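Protein chains: 2
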Amino acid sequence: MVQASIITIGDELLIGQTIDTNSAFIAQELNKLGIWVKRRIAIGDKREDILDALETESKECNIVIITGGLGPTADDITKPTLCEFFDAKIVVDEGALENVKNIFIRINRPLIERNLKQAEVPDKCTVLPNLRGTAPGMWFEKEGVVYASLPGVPHEMEGLMLNSVLPKLKEHFQMPAIVHKTLFTAGKGESEIAELLIEFENKLPEYIKLAYLPSFGMVKLRLTGKSNDQIQLEQEVSVFVNELKSIVSEWLVADEDISLQEALHQLLKQMNKTIATAESCTGGYIAHLITSVPGSSSVFNGGVVSYANEAKEAILGVQKATLEQFGAVSEQTVIEMSKGVLQKIKTTYGLATSGIMGPDGGTPEKPVGTVWIAVTNGVQTKTQKFQFRFDRKRNIQLAANAALNMMRLFILTGN
Amino acid sequence: MVQASIITIGDELLIGQTIDTNSAFIAQELNKLGIWVKRRIAIGDKREDILDALETESKECNIVIITGGLGPTADDITKPTLCEFFDAKIVVDEGALENVKNIFIRINRPLIERNLKQAEVPDKCTVLPNLRGTAPGMWFEKEGVVYASLPGVPHEMEGLMLNSVLPKLKEHFQMPAIVHKTLFTAGKGESEIAELLIEFENKLPEYIKLAYLPSFGMVKLRLTGKSNDQIQLEQEVSVFVNELKSIVSEWLVADEDISLQEALHQLLKQMNKTIATAESCTGGYIAHLITSVPGSSSVFNGGVVSYANEAKEAILGVQKATLEQFGAVSEQTVIEMSKGVLQKIKTTYGLATSGIMGPDGGTPEKPVGTVWIAVTNGVQTKTQKFQFRFDRKRNIQLAANAALNMMRLFILTGN
Numbered sequence: 001m002v003q004a005s006i007i008t009i010g011d012e013l014l015i016g017q018t019i020d021t022n023s024a025f026i027a028q029e030l031n032k033l034g035i036w037v038k039r040r041i042a043i044g045d046k047r048e049d050i051l052d053a054l055e056t057e058s059k060e061c062n063i064v065i066i067t068g069g070l071g072p073t074a075d076d077i078t079k080p081t082l083c084e085f086f087d088a089k090i091v092v093d094e095g096a097l098e099n100v101k102n103i104f105i106r107i108n109r110p111l112i113e114r115n116l117k118q119a120e121v122p123d124k125c126t127v128l129p130n131l132r133g134t135a136p137g138m139w140f141e142k143e144g145v146v147y148a149s150l151p152g153v154p155h156e157m158e159g160l161m162l163n164s165v166l167p168k169l170k171e172h173f174q175m176p177a178i179v180h181k182t183l184f185t186a187g188k189g190e191s192e193i194a195e196l197l198i199e200f201e202n203k204l205p206e207y208i209k210l211a212y213l214p215s216f217g218m219v220k221l222r223l224t225g226k227s228n229d230q231i232q233l234e235q236e237v238s239v240f241v242n243e244l245k246s247i248v249s250e251w252l253v254a255d256e257d258i259s260l261q262e263a264l265h266q267l268l269k270q271m272n273k274t275i276a277t278a279e280s281c282t283g284g285y286i287a288h289l290i291t292s293v294p295g296s297s298s299v300f301n302g303g304v305v306s307y308a309n310e311a312k313e314a315i316l317g318v319q320k321a322t323l324e325q326f327g328a329v330s331e332q333t334v335i336e337m338s339k340g341v342l343q344k345i346k347t348t349y350g351l352a353t354s355g356i357m358g359p360d361g362g363t364p365e366k367p368v369g370t371v372w373i374a375v376t377n378g379v380q381t382k383t384q385k386f387q388f389r390f391d392r393k394r395n396i397q398l399a400a401n402a403a404l405n406m407m408r409l410f411i412l413t414g415n
Numbered sequence: 001m002v003q004a005s006i007i008t009i010g011d012e013l014l015i016g017q018t019i020d021t022n023s024a025f026i027a028q029e030l031n032k033l034g035i036w037v038k039r040r041i042a043i044g045d046k047r048e049d050i051l052d053a054l055e056t057e058s059k060e061c062n063i064v065i066i067t068g069g070l071g072p073t074a075d076d077i078t079k080p081t082l083c084e085f086f087d088a089k090i091v092v093d094e095g096a097l098e099n100v101k102n103i104f105i106r107i108n109r110p111l112i113e114r115n116l117k118q119a120e121v122p123d124k125c126t127v128l129p130n131l132r133g134t135a136p137g138m139w140f141e142k143e144g145v146v147y148a149s150l151p152g153v154p155h156e157m158e159g160l161m162l163n164s165v166l167p168k169l170k171e172h173f174q175m176p177a178i179v180h181k182t183l184f185t186a187g188k189g190e191s192e193i194a195e196l197l198i199e200f201e202n203k204l205p206e207y208i209k210l211a212y213l214p215s216f217g218m219v220k221l222r223l224t225g226k227s228n229d230q231i232q233l234e235q236e237v238s239v240f241v242n243e244l245k246s247i248v249s250e251w252l253v254a255d256e257d258i259s260l261q262e263a264l265h266q267l268l269k270q271m272n273k274t275i276a277t278a279e280s281c282t283g284g285y286i287a288h289l290i291t292s293v294p295g296s297s298s299v300f301n302g303g304v305v306s307y308a309n310e311a312k313e314a315i316l317g318v319q320k321a322t323l324e325q326f327g328a329v330s331e332q333t334v335i336e337m338s339k340g341v342l343q344k345i346k347t348t349y350g351l352a353t354s355g356i357m358g359p360d361g362g363t364p365e366k367p368v369g370t371v372w373i374a375v376t377n378g379v380q381t382k383t384q385k386f387q388f389r390f391d392r393k394r395n396i397q398l399a400a401n402a403a404l405n406m407m408r409l410f411i412l413t414g415n
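Protein sequence lines, in the order shown, are assigned to chains A and B. The first sequence maps to residues 1 to 415 in UniProt numbering. The second sequence maps to residues 1 to 415 in UniProt numbering.
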């Protein structure tokens, strides 16, 4: 089968200043085409290491995707090294030059020598136009192996992958049929789900694999089938998907690979309902997740981040007495918050969170990680207490997901 | 010098479902000790690939850090393969077993066979206790090379690195003196800054390097010096840092490696001032950034996510006439939003955003990426219009950073 290797170049990856999101995107897209990524490797801006990586990766793979080392301040090492590897020489590409000039006219910034150099490419490559930036992509072929060199800026790399590299790969290689199906569950742990699936996993044929993808209280179950008969494979996979669905039905959020906020968005949209948020401990993160979905204005009217008690009283009308008697982190307070926001921002549903995320602020009765969540439609209100045990960042993410899932279940079942 | 390689194991990395944040954390921590990460490599749960990686990486490096492949549902391949590589056999570690049992008592979930297996380790390793999870860390030494195998869960891996691996590495190796200094700038492009620093860079001695770390409208400039004379190196670096400071002073946010929200947090805390946010297009992301800083309740009282116009009127008291005449995305509206939130949530400063993040909602007059931002202290108000040109996610991040930086400058200079 067609195998690929991803080489990311840049000292910033080796000093850990940059988190490599490019490899994940590239791997996902190659995977969708049925191309298996055998290895991912990150190296510095160093001639020997780049040559060594190109040498070794091309031995075992049909495709080598290279990102990074092409920015205006990248040590100008990648292009000369590519010239060395492909026995080429640097030339100016007119199309790329035009592109650089146009971009600087558009953003109306001074065009300097450093930027013009971005239009230079090895003469052995096919230039892949970069519609989102100044550094062009480059496509090479050598001894049956295909190489694509792309800039490291994620936004630009993604455009080049989608517009140029993937279409060219489809032309160039004979791919097997591949079928991916993802079931999205929430509320049950990875190992507990795995226990339920032992029998199911044993029944899977060798060419259909199950992957567990856990994150923050959710587990995605992904079936991947590979064969040469697309139609038959799709039928087979769908049979297993249906069996899998019935096993995890109790925790099933969606039968596609979407986010929890996207699932909630779809649900609200279908039912033509709206939601408002009242956040204390999650500090606006839930509103951010909801509004990160394009078109969210059709289901989300707004929210309040009532961090201080004064804000809870002034905007949400939480009773001073409630705060004094039960405290900000209490069932009574989140109930009043959820009803308060519903009343203030006229929506179908209201959601409220209050907790202690740490590192400080915990007490013996209410340790760090204690979170109260309420969801309401104005008539019924459901509350739940959670106890998370991680750091601030992770507690916020877990609380947000717990709240979104509570809201989802409340809309579906009224409970 | 001491060189390290990071091997991350797991098919989820090769299908791109997981973004590898572990490598960045590990690289940063090793770097602080003066250990240079030569390569990072990601491979699947496959015996041959794991053996091959251990073989090749150990040839060129003194340290090999391995993460992943140790979860309850990880194909049980990593431990047997480590046994093979180190010529060891699997034994149950009593300490690790105790730890597993205690965790399941604490979270009060059923303890199953699958979890108990996590206490099994190769008999040739030193067990590194995992205080944050069930899978123990493992330390090996073979032919002068040190190996540490850690679970892939970031929170657990980080604990093991900080508590066990780094201290043991410090004991084990003779490190050179290393000095890092980061200057944090905002508001000027990477290549423009690079132009200003050509002379400066040429003056740097071979053993002091400058790295550019751009992200979302900010550029961090990092000087790294390595030598055997700590005191002399620190003096030298500080001389260059001061020169660098004076060159970029106009855009300097902080002389340490912190986030923009941390810089704003520190500033507000020093001046004993507070802030409130009124967000439309950024949808709560600014509030989230501010509240992601521990102790943020001392400077942040709360905020409003006034996504719908009704919310802008109902909570922030924006005039219907203003919205009708100038629209939600206008200077007049963000001014009223910023003053409204200040008046509603009694704080020193108010910040407001309104814009079109895309993909839809743009018009010829107000294309996608148009964002108005206002900052106010109730008396003076400053506004600015931005035009971003990226996707929804990136536009939100850029708008949030622009707003935080505008607030910071307004507090500092009143403008």
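Honestly, the hints are just simulated from the structure, not real lab data. The structure presented is a predicted model; accordingly, all values stated were derived computationally and were not measured. Warning: the hint list may mix true and false statements.
Said to hold, decoys possible - In silico SDA-like pairs for lysine to any residue, Cα to Cα no more than 25 angstroms straight-line:
1. B:K203 / A:E113
2. A:K226 / A:I208
3. A:K393 / B:R132
4. B:K188 / A:H155
5. B:K209 / A:D49
6. B:K366 / B:Q397
7. B:K385 / B:L252
8. A:K393 / B:I258
9. A:K209 / B:K385
10. A:K181 / A:M1
11. A:K385 / B:G133
12. A:K117 / B:R389
13. B:K117 / B:I77
14. B:K46 / A:I208
15. B:K188 / A:P154
16. A:K46 / B:G133
17. A:K220 / B:R389
18. B:K101 / A:D49
19. A:K346 / B:F326
20. B:K38 / A:E60
21. B:K366 / A:E113
22. B:K46 / A:F200
23. A:K320 / B:N405
24. A:K117 / B:S58
25. B:K59 / A:R47
26. B:K188 / A:H180
27. B:K339 / B:L252
28. B:K46 / A:E113
29. A:K273 / A:I247
30. A:K142 / A:M175
31. A:K38 / A:R132
32. B:K38 / A:R47
33. A:K385 / A:E310
34. A:K59 / B:E48
35. A:K59 / A:E171
36. A:K101 / B:R389
37. A:K393 / B:V153
38. B:K46 / A:N62
39. B:K393 / A:C83
40. A:K393 / B:P176
List in ascending order the numbers of the hints, as given earlier, that are violated by the structure.
-> 9, 16, 17, 18, 21, 23, 24, 26, 27, 28, 29, 31, 39, 40
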